[in-house]
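K.L.:
Each chain, letter by letter, is given below.
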Amino acid sequence: MRVALFWMLAVASIVSGWRVFRTDSMVRAAYWLMASFVAVGIIMVQLDAEFLGLVLILMMAGEMTIMAVFMVMFMMNPAGLNPMMMVHQHRASIVAGVLAFVGLAGVGIFARFPEPTLRASGQVTAQLGHELLGDSMLIFETAGVALLATMIGALAIAGATGRFGSADEGSQEPGEA
Amino acid sequence: MISYGRLLGELATIALVLLAGVYATVVIDLWAGRMVARAPVRAFRALTFPIRQTALFLLQQRATTERPDAPLWALAPALLAAIAAASLLVIPFSSQTSAAGIESGIVYFGALMALVMIAVYLNGWSANSVFPIIGGYRFIAEALSYEMPLALVLIGAALPAQSLSVSAIVISQDSLWNVIRQPLGLPIYLIAGLGVAFWGPLALPDAADLAGGTESELSGVQLLLWRTARIAVLVAVAAMGAAVFLGGWTGPWLPGAVWMTLKTIALIFIMVGAGHLVARVRLERFVLVAWTVLIPLALLDVFAAGAVVLAGSPR
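Sequences listed follow chains H and B, in order.
Quick note on this note's numbering: the first sequence kicks off at 13 and runs consecutively.
Quick note on this note's numbering: the second sequence kicks off at 6 and runs consecutively.
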């Protein structure tokens, strides 16, 4: 049962990853990638990395949506609803793709993994917490707090009310427009 | 080895709980609306209202748009309903029902609530129509704003339990419920929960000023499925709130499942009542308040909860 589920998820992640490049819309491509990540996330849950797998899905849901919105904003394609070619520079990208695949597959096959392999202790989340809030705490917290403060600051600046009304009403002086 | 009979039984239980919750929510919504309007409530008509409404939707002709993305449009309500059903897996309704063997129940719930954004955006995007897609974009801005406060207050509630499992959080409230221990938690959770179910004051993607927004091109069965799924999300949010902030199944005299049901209905009543008492807020105001007020307050909630845990733990 577990093995069958693993193979189903593995195939699903590869097929949806392939669909990312075969579809003709930015939004569809983003959500095929999301589907691929969800499959990988569930595989990670299967591998006892429950917290990491769930956090992967949690983060990717937001990230893929933001990516889709940004692509739609930057492309001259109204709302990403018109069909468009999602791939370009075919030769270079095929070479890069094959090289990356061979490299990663080579690592998977030929690399020596640490012996003995870690046993599933059920303490993965706790170990992760000790790592993040132990040795790596300064880096982790500095980056996290700086990013959050930046986001809140950006929102506060963008949403501030100025002399000529609220931010969404434009900055032009009344009567000039 | 998994027992398939037991699996089917649990799936049927989840479906039944969700449908009963949706039915109750529609009745409560009607009742609260009549109370706010000071109109008389006719009990029989209120109780049969969901059935009549369903029949109306089923009889309605289904309209479509020009070249919609039909598969994704059909997927959106299914995804939303699946999110609600899947989140019920980790919500314990009594001390006996074990939660699907997922230890990080709170993270699981958070991941599912993040997927709501995808369902709503797809529902707006795939219709290939103006108002739905504006509603979809609106919801992305709304969802990115409520997600952080939601996650933070859930983490705050998990701190006294020193566990991410929802059952452990319920057990940790044996002496004192989190709603009293962490006074900021439940209000922020309920505001974020209104956002998750895009309900009442935070029903922005399908607002009237967008002529229905993401809902404006839906009709017939499709509209019925979408609304049912959305109410199911509200039920799931209320049930999680009852478990995490109101002590879940704990309570005197009555069996645990009854307490859990009563607390869930109380939270549904508060959220649905807010829909009748509070005006719809403007999106940019909500985004600003969420980032500059709700997130700092939620951080304060987490810090206070952590300080209490540290002060109480033996050195």
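In short, the hints are calculated from the structure, not lab data.
Since this is a predicted model, take the numbers as computed values, not measurements.
Note that the Cβ used here is the ideal one computed from N, Cα and C, for glycine as well.
One or more hints might be untrue.
Unchecked claim - Not everything, but these chain B residues come out facing chain H in the computed CB check (under 7 Å): (1) Tyr9; (2) Gly10; (3) Leu13; (4) Leu16; (5) Ser109; (6) Ala119; (7) Met122; (8) Ile145; (9) Phe308.
As the list claims (entries may be wrong) - Here's a subset of chain H near chain B, in silico, CB distances under 10 Å, partners left out: (10) Leu21; (11) Ala22; (12) Val23; (13) Ala24.
K.L.:
Now, for every hint given, state plainly whether the structure supports it.
P.N.:
Results of checking the hints against the structure:
1. At its closest, the beta carbon of Tyr9/B sits 10 Å from a beta carbon of chain H; the interface hint therefore is violated under the 7 Å criterion.
2. Interface hint status for Gly10/B: violated, as the beta-carbon distance to the closest one in chain H is roughly 15 Å, over 7 Å.
3. For Leu13/B, the interface hint is violated, since its Cβ never comes within 7 Å of a Cβ in chain H; the closest pair sits about 15 Å apart.
4. Contact between Leu16/B and chain H, as hinted, is not supported at the beta carbon level, the nearest pair being about 16 Å apart and thus beyond 7 Å.
5. A distance limit of 7 Å between C-beta atoms decides the matter here; for Ser109/B the minimum to chain H is near 5 Å, and the interface restraint holds.
6. At its closest, the beta carbon of Ala119/B sits 4 Å from a beta carbon of chain H; the interface hint therefore holds under the 7 Å criterion.
7. For Met122/B, the interface hint holds, the least distance from its beta-carbon to any beta-carbon of chain H being 6 Å, beneath 7 Å.
8. About 6 Å separates the beta-carbon of Ile145/B from the nearest beta-carbon of chain H, less than 7 Å, and the hint is met.
9. Because the closest C-beta pair between Phe308/B and chain H is about 12 Å apart, greater than 7 Å, the hint is violated.
10. Taking 10 Å as the C-beta contact cut-off toward chain B, the hint placing Leu21/H at the interface is violated, the least distance being around 16 Å.
11. Annotation: Ala22/H was flagged as interfacial toward chain B, and the flag is violated, the nearest CB pair being 20 Å apart, outside 10 Å.
12. A hinted interface residue such as Val23/H counts as satisfied when its beta carbon comes closer than 10 Å to some beta carbon of chain B; here the least separation is about 20 Å, so the hint is violated.
13. Below 10 Å, beta-carbon pairs count as interface contacts, and Ala24/H has none with chain B, the closest being about 15 Å; its hint is therefore violated.
When the structure is compared with the earlier hints, violations turn up for hints 1, 2, 3, 4, 9, 10, 11, 12 and 13 and for no others.
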